Every structure is written in C-alpha cells, then in structure tokens.
Amino acid sequence: MSDSVAVSHVVVALIRETRGWLRFFAVVTLILFLWLVQSEGPVLLTGIFGRASLEHALTLVTCVTLGVLSLLSWRQASTTSRFLAAPTEELFVTVTSDMRRFWRIGGPLAVCTMAATLTAYLFHLSKS
Amino acid sequence: MESSSFYAAPQATLGPDPAAPPAGSVPPAALEELAASRVMLFTVGLVGALGCAATVGMLAWLFARQGDGLRLVILVMAALFAAPAMLLTRVAAAIKALTKEPSAPQLVEVMRRLRDFWRLLGFTTAAALGVYVIVTFFMGIFLRST
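First to last, the protein sequences are chains A and B.
Counting along the first sequence from 1, when you hit position 67 you're at 67 in the numbering used here, and nothing is skipped either side.
Counting along the second sequence from 1, when you hit position 89 you're at 89 in the numbering used here, and nothing is skipped either side.
Read the hints as simulated data drawn from the structure, not as lab findings.
None of these values were measured; they are calculated from a predicted model.
One should not assume that every hint holds.
[To be verified] Beyond 10 Å from chain A on every Cβ pair, some chain B residues (computed): (1) Ala8; (2) Pro10; (3) Gln11; (4) Ala60; (5) Val73; (6) Arg90; (7) Lys100; (8) Leu107; (9) Trp118; (10) Thr125; (11) Ile134; (12) Thr136; (13) Leu143.
[Said to hold, decoys possible] Quick look at which bits of chain B chain A covers, simulated, 3 or more residues with Cβ under 8 Å: (14) 38-49; (15) 108-117.
[To be verified] Selected chain A positions facing chain B (Cβ under 7 Å, derived; list incomplete): (16) Val12; (17) Thr18; (18) Thr96; (19) Ser97; (20) Arg100; (21) Leu109; (22) Ala116.
Ideal Cβ positions, reconstructed from N, Cα and C, are used throughout, including at glycine.
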C-alpha cells in the first residue's frame, strides 16, 4: 500500500462497503431496465419509429437512464474491486475519477427522468 | 567507521521519502476529481429532494380530496427517496470542506457519507420494490375476487 495516510485502512474499509451497495444498485437497475424493455418494448418501438407521445418519451428516458446507471455503477464497482485488490494512490484516483464520470453522466439523466415523470404526472392530472 | 567502504553492509534510507506526499495529505488528483463531481452531486441531491417533496405534496393533496390506494403507495415511495437525495447534498458539503482543508480525516468523512448514501439508496430501493411486489400481489387477489 502507498505510504500516504490518506488511503488508509479506514478508507479502504469504507470503499469495500460501498462496492457491495454499488453492485446491488447495478443489479437492481439492470433488472428494472430488462423488465421495462420486456414489458414496454412495443411502446418503445412506437415511440422511436412512430408518433412519439409524452408517454413514449417518458418510457424511453426512463429506460435509457436505468441502462446507463446500471452500466456506470457496475463499472464503478469493477474499478473499486481493482483498487481493493491493490490499494494504491493511483487506483484511488481512478476510483474518484469513475465516481465523477458516474455523476457527470448519470446525474443529468436522473434529473431529466425525475422532471419528465413529474411533468407527465401533471399532464395526466390536467387531462383527467 | 567509514560507511562508504566497499565491504560495508548496505544501508536502507530510513527517513521519509522526499518524493512522497506528506503524511495525512490527500492525493491532489483525487481531490481534483472529487471537487469536480461536487456540483453535480449537490444539484442531483437538491433536485431529487425538491422533486420528492413536490410529489409528496401533490399526492397528499390529491389523497385528501379522493382517497386512492395507489396514490398512497406512490406517496410513501416518494417520501422514502427524499432521504438519499438529502444525503447526497451532505456528501457535497463534505467534499466542499475537504477542498477547503484537505486532510485524511476529512477524506474519511467524505467516504463515510458516500457509503451512507449508497447504503440508504440500497435499502430504499429494496423497500420500494418490496412495497411494489406486495401491492401487485394484493391487487391481483382483489381483481380476481371481483
């Protein structure tokens, strides 16, 4: 391990715990993504090739968000595994870099999905 | 005794490596990466918390007007997800403190809050999925009986 106190045993232990939850999140989002594709597949195809309604757009955005979040969190967990195998400062920087990538890509997607869901719900309310 | 003698035993440098960062310091590259993700963490946390609050408020108002089981379920789920969103803003706050005063204990605090966020998100997701499965199961029984 590196001489720096920064990458200490406490940090390594915390990162180990985080990795477990990251994997859990990746698996859950993957299952939700697959379930959504399987159940809403025709709706998605209509949304892409046909006339896209608000519902189509919302399903598409949710699907893309779930897929991307699953991929990014799995990647982050893999990088964390490499760090835990050999906890060096260099790999610690890679872990933080992956974290930044996760939030830079996943953050706007999550915000868009939340906004789209709220908008769709408000739209549905105004119509009913 | 002459240490530079050809026959003398080799000696290791026992002092600190001058190239290594000072003890307790945070790797500058890691600090840079964390600082770069802070704004997005705060934004997602804030928007998430506000979104959850708006959903809870809207559904509570609708539920008061006309009681509906499904609305109540969504209301509970939205309230559940507000907690991880709030924790995300606390991670951003810890990163801000770390960038102001980089130290090992502060880095541990950032990592601890991140762990807390992922753990709470995991529990919340598991709880939301559990609620969803239970509601679907009972709705199936209810629809079959009517």
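How the hints compare with the structure:
1. At the 10 Å boundary, the C-beta of Ala8/B stays outside the reach of chain A, the nearest C-beta of that chain being 27 Å off.
2. The claim that Pro10/B is not at the interface with chain A holds, since no C-beta of that chain comes within 10 Å of its own (minimum 21 Å).
3. Chain A leaves Gln11/B outside its interface by the beta-carbon criterion, the shortest separation being 19 Å against a cut-off of 10 Å.
4. For Ala60/B, the condition that its CB be more than 10 Å from all CB atoms of chain A holds, with the nearest at approximately 14 Å.
5. Distance check for Val73/B against chain A: the nearest CB is about 14 Å away, which clears 10 Å, and the non-interface claim stands.
6. In this structure Arg90/B is separated from chain A by more than 10 Å, as the shortest Cβ-Cβ distance comes to about 15 Å.
7. Against the 10 Å criterion, Lys100/B stays outside the reach of chain A, whose nearest CB is about 16 Å from its own CB.
8. Chain A draws Leu107/B into its interface by the beta-carbon criterion, the shortest separation being 6 Å against a cut-off of 10 Å.
9. Its closest Cβ contact with chain A, about 4 Å, brings Trp118/B to no more than 10 Å, contrary to its assignment away from the interface.
10. Residue-level check failed: Thr125/B sits 5 Å from the nearest beta carbon of chain A, not beyond 10 Å.
11. Listed as a non-interface residue, Ile134/B keeps its Cβ farther than 10 Å from every Cβ of chain A; the least gap is roughly 17 Å.
12. Residue placement check: Thr136/B keeps its beta carbon more than 10 Å from all beta carbons of chain A (closest about 12 Å).
13. The non-interface label for Leu143/B is consistent with chain A: the shortest C-beta to C-beta separation is roughly 18 Å, beyond 10 Å.
14. Counting residues of the region 38-49 of chain B whose C-beta sits closer than 8 Å to any C-beta of chain A gives 6, which meets the bar of three, so the coverage hint holds.
15. Counting residues of the region 108-117 of chain B whose beta carbon lies closer than 8 Å to any beta carbon of chain A gives 5, which reaches the threshold of three, so the coverage claim holds.
16. A cut of 7 Å between beta carbons decides the hint on Val12/A: the least distance to chain B is about 9 Å, and the hint is violated.
17. At about 5 Å, the closest approach between the beta carbon of Thr18/A and any beta carbon in chain B falls short of 7 Å, and the interface hint on this residue holds.
18. Of the supplied interface hints, the one on Thr96/A holds, with its beta-carbon coming within about 4 Å of a beta-carbon of chain B, less than 7 Å.
19. Evaluation of the Ser97/A hint against chain B yields a held restraint, the C-beta minimum of about 5 Å falling below 7 Å.
20. With 7 Å as the threshold, the beta carbon of Arg100/A comes within range of chain B, its nearest partner Cβ sitting at about 4 Å, so the hint holds.
21. Here the hint on Leu109/A is broken, as its CB sits about 10 Å from the closest CB of chain B, past 7 Å.
22. Here the hint on Ala116/A is broken, as its CB sits about 11 Å from the closest CB of chain B, past 7 Å.
Hints 8, 9, 10, 16, 21 and 22 from the list above are not met by this structure, while the remaining hints are.
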